[in-house]
Structure formats: structure tokens, C-alpha cells
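Q: Sequence:
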Amino acid sequence: MTLAKIDTNMWKEFKLTKIFRMRNTKCIVQKDIVPDSGLTPYVTAQSGNNGVMTYIDCPEEWLDEGNCIMIGGKTLTFSYQSQSFCSNDSHNIALYLKDEDSASEMRYLFLITALRRSLYQKYSWGDSISMKSIVDDTFYIPVNSSDEPDWEYMDEFMFKVMQESATNLESLAQADGEKHALDISGWKKFHLYDDALFDIDMGTKLDRVKMLQSNPDVNFVGRANANNGITARVDSIAGIEPYSAGNMTLSLGGEYLGSCFVQPDKFYTSQNVIVLKPKHEMSFSVKQFIATMIFRESRSYYKAFIDELNRHIKTDFSFYLPVDSMGKPDWAYMEAYMCSMIHGAETDLDAMQSALQ
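If you read the sequence shown in the UniProt record's numbering, its first letter stands for residue 1, the second for the next number, and so on.
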């Protein structure tokens, strides 16, 4: 089953305040919590794990009511919170449907997608927003014959989405149930600046908002974890030479700290995105292997936006790589492993496609 593309031509524009009650969340800062101490979700502005960092024993006076959408005020992330929760930042915004009879999980999930689609046209990830800044913003949702929100349509559509997701997950599980964790006990830690690896360039440190896009011919790499970190195409800037394709980028801070990519075309970078220039010839597969290991290790530095890699990257930051009998990076192993992973992914996709036909 494949869902058809939604026709939004007949949808109607609503102010957020027409559909939702808004309020800022309460706040308990991270240094004051005890992780894994209770049953209350401790919700941050991160995009992963539905925003939940851990579960805590939260005093009742600091609880926010559940069954709402939480928007990360500093990151423009969206999550649905089904139960009462505790937030890490009073800049976060909770949205509650004014029509309480319509406040179901399915409808909130549909509305998150609609909100994201509209607000991302005005704001970008990392933009700091507030209730004041979005109070006049609008978004589009389906309506019935009376031009009122069509809750029944949203329910039906989300039910189909859930069915398709369940089918796809089952197909993926059947595709290959024999994946095993990689044994890295014999691997060795390396610094980025070691002789066999990279020269570290701190990037162009440009601001995307100030970039021209009249004749875009250069990729702009920001602190993002999708599309190779590319957030826009921008004009070339006289006197600032773009980095060449094949170099790697690494995000030093923010929610996507550690996101590391091999760049397919010439590019500029934003603040807090550095460029890794291989000191020796490396294949694309080897670079992808290394990027994965960098990301894996960097997440240990991620503490809800409190820490960043800036002060570690040229000093104590290190990550594991397989080594040969001389203790040097085992390039042949990395190449063979990535080829095996690509072949396995292709096999899994073929199996999933066959199951859905």
C-alpha cells in the first residue's frame, strides 16, 4: 500500500491561535534533575526520541499537562506529548487544541506535519522563536463543507499512515533478521589531526540569512543532519573560495552535534561547521566509514546543547577505527565493510519492495 500525494488545494489557512491555546512550558534546568529517577518524561528541544531525554521524579508544580504539541523554542522542533511532562526550557511552547473533543493523538500528529510545513517556510532549524513571534502565524489544514477543520479526514489519513508504517517495519524486519553488533575490541582510537587522517579547517563561518540566492551555484552546509548537511544553494562570494567536493564537514554544536558528511559539490559552511581535508587519498567508502565513527563518538559530548565540540576538536576528541597489524588505520577493512553494508542495504530494499508489491 502506498499513500497518494495529498491534494492541499482546498485546504484553508488558519491562525495558530484560532486552533490552539498556547503557553510557555515550565522549566527545570538539566543540572537540577536526577536522570532515570522517575516516570515523568523530561522533554527537551531535541528532535530524536520524541524530545524525551530521560525520565525523572518531577514535583507536581513543575509539570506541564500532556496531550499537546511541544515546539522547541530555540530549535523549532515538534513533538507530541501524550502524558504530563517536565520541560528543560521555558522558551518551549505547548500547543493545546481549543476544541478539546478533537484532541486525539492522531490529530495532533497530523497537525505537527501541517505546522512544520508552514513554519519551515518562514523559519529555519536553529531559529529562536517565541509565542510573541508566532502569535500571528498561520498554517493550512483540511476543511469540511462548512470550512471547519476536517477532523474525520485527519483521522482517516493518519490511520492509513500508521498502517503503511507497520507494514514497512514488518518488511524491514523480515528483510534481514541476522544483523550483529560490530566487535571493536581490537580497534584503536585516533585524533582527527593524526598524520593518517585530516587537516582541520574551521570553515567559512558564514550566515545563511545574509547570503544571496539570485544565482545560486554553491552548496551551503549548516548544522543539520539531513541532505549531507546542505541547507541551501547560495551565490558565490567574491574573494571567498568554496571548498571542493570530496572534503568532509563536521557540526561542532547544536542538536545535530557530530553530524559528519562527505560533500558531493563545492560548498561554504556556517558557524560551528568545520571542514576535514584528507591528508592522503581516501575513497568515498572510507570517508563514509570514518564519518559514521566520528558521529558515534561525538554523541558522548552531546548534553542537550550545553556542551560543544569546539574546545575538544583539536585537543582530546578521538574516535575508534579498525587497525592493521602495524596499528595503522585498516583502509582495506573499511572499504570492504562499507561495500558489504551497501550490498546489504540494497538487498533489504529489494526485499521490502517485493513485500509491498
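Accuracy of the hints is not assured; some may be wrong.
Stated by the list, open to error - Straight-line alpha carbon distances no greater than 30 Å define the calculated DSSO-like cross-link-like pairs of lysine-lysine that follow:
#, residue 1, residue 2
1, Lys98, Lys31
2, Lys210, Lys18
3, Lys188, Lys132
4, Lys122, Lys74
5, Lys279, Lys189
6, Lys189, Lys132
7, Lys188, Lys18
8, Lys205, Lys160
9, Lys210, Lys160
10, Lys15, Lys189
Just so you know, the hints here were simulated from the structure itself, not pulled from any lab data.
Please read all numbers here as calculations on a predicted model, not as lab measurements.
Q: Taken at face value, is the distance from the CA of lysine 160 to the CA of lysine 210 at most 30 Å?
A: 42 Å, violated
Q: Lysine 15 and lysine 189 were given as a pair; does the straight-line alpha-carbon distance stay at or below 30 Å?
A: With Cα atoms ~53 Å apart, lysine 15 and lysine 189 exceed 30 Å; violated.
Q: Given the hint that lysine 205 pairs with lysine 160, test it: the Cα-Cα distance must not exceed 30 Å.
A: 44 Å, violated
Q: Does the alpha-carbon distance linking lysine 98 and lysine 31 stay inside the 30 Å limit?
A: Given pair lysine 98, lysine 31 is violated - Cα atoms ~34 Å apart, limit 30 Å.
Q: Are the Cα atoms of lysine 210 and lysine 18 separated by 30 Å or less?
A: Violated: lysine 210 and lysine 18 sit about 33 Å apart, past 30 Å.
Q: Need the status of pair lysine 188, lysine 132: alpha-carbon distance at most 30 Å?
A: This hinted pair is violated, its Cα atoms lying about 51 Å apart.
Q: Is lysine 189 within 30 Å of lysine 132, Cα to Cα?
A: 48 Å, violated
Q: Would the pair lysine 188 and lysine 18 pass a check requiring their Cα atoms to be no farther apart than 30 Å?
A: 57 Å, violated
Q: Given the hinted pair lysine 279 and lysine 189, is their Cα-Cα distance within 30 Å?
A: 18 Å, holds
Q: Between the alpha carbons of lysine 122 and lysine 74, is the straight-line distance 30 Å or under?
A: 15 Å, holds
Of the numbered hints stated above, those contradicted by the structure are hints 1, 2, 3, 6, 7, 8, 9, 10, listed in ascending order.
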